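All chains, please: the whole structure from these sequences, using the hints.
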Amino acid sequence: MNKQIAIVSVLLIALGIILGAFGAHGLKQVVSPEKVASFEVGVRYQIYHGIALLILSLNASKIEGTLKVFLALILGGILFFSGSIYLLALNDLFGADLSFLGPLTPVGGVLMIAGWGVLVRQLLKMK
Numbered sequence: 001m002n003k004q005i006a007i008v009s010v011l012l013i014a015l016g017i018i019l020g021a022f023g024a025h026g027l028k029q030v031v032s033p034e035k036v037a038s039f040e041v042g043v044r045y046q047i048y049h050g051i052a053l054l055i056l057s058l059n060a061s062k063i064e065g066t067l068k069v070f071l072a073l074i075l076g077g078i079l080f081f082s083g084s085i086y087l088l089a090l091n092d093l094f095g096a097d098l099s100f101l102g103p104l105t106p107v108g109g110v111l112m113i114a115g116w117g118v119l120v121r122q123l124l125k126m127k
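Residue numbers (the working numbering): 1 to 127.
These aren't lab readings, by the way, just hints derived from the structure by calculation. Bear in mind the structure is a predicted one, so any value in this text is a computation, not a measurement. For glycine and all other residues, C-beta sits at the position ideal for the given N, C-alpha and C. Among the hints, erroneous ones may be present.
Derived lysine-lysine pairs resembling DSS-like cross-links, with alpha carbons at most 25 Å apart [what the hints assert, rightly or not]:
| hint | residue 1 | residue 2 |
| --- | --- | --- |
| 1 | LYS68 | LYS28 |
| 2 | LYS62 | LYS127 |
| 3 | LYS127 | LYS68 |
Label-pair ranges, simulated between beta-carbon atoms [as the list claims (entries may be wrong)]:
| hint | residue 1 | residue 2 | range |
| --- | --- | --- | --- |
| 4 | MET126 | GLU34 | 36 to 44 Å |
| 5 | VAL120 | GLN29 | 39 to 47 Å |
| 6 | VAL69 | GLU34 | 33 to 41 Å |
Spelled out as C-alpha cells, the structure:
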C-alpha cells in the first residue's frame, strides 16, 4: 500500500462529495441548470479518479514505478479538467470573465487519458 497516495485519493473523494453537495444544493438557486450539470461532470470525474487512485494505492507494490506517474497525470488532469469546469460554472458568481479557462478542460482530459495509457502500458508489461 502507498499511504500518501491513499490519503490523496481519500481527500479527492471527500472534496468531490463536498463539491457535489454544494452543486446540488447551493448552485441550483444561483446558476443555470446547464452550469449545474457541467459542475456535476467535474465532480463525477474527480470522484471516479479518486476511487481509481485509492484502489491502485492499495495495490501499489504491483505497479510502484508507474503509480507516481499515473498520480501526477491524474492530479494534473483533475486540476485542469474539473478545476476549469468548476470555475467556468461559477463564472457568473465571480463577476469576471473566466472564459479563457475553457481550453484547460480538454488539456485536463488529455492528461487523464495519458495517465490511463501509462497504466495500460504497465499492465501489459506484467506477467
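Right, here's what the structure says about each hint:
1. Pair hint LYS68 plus LYS28 does not hold up; C-alpha atoms about 37 Å apart against a cutoff of 25 Å.
2. Note on LYS62 and LYS127: the hinted pairing holds, with a Cα-Cα distance of about 11 Å set against a maximum of 25 Å.
3. A distance of roughly 21 Å separates the Cα atoms of LYS127 and LYS68; the hinted pair therefore holds under the 25 Å criterion.
4. Roughly 43 Å separates the CB atoms of MET126 and GLU34, a value that falls within the hinted 36 to 44 Å.
5. Taking the beta carbon of each, VAL120 and GLN29 are about 42 Å apart, inside 39 to 47 Å as hinted.
6. For the hinted restraint 33 to 41 Å between VAL69 and GLU34, the CB-CB distance of approximately 35 Å keeps it satisfied.
Hint compliance for this structure: hint 1 is the single one not met.
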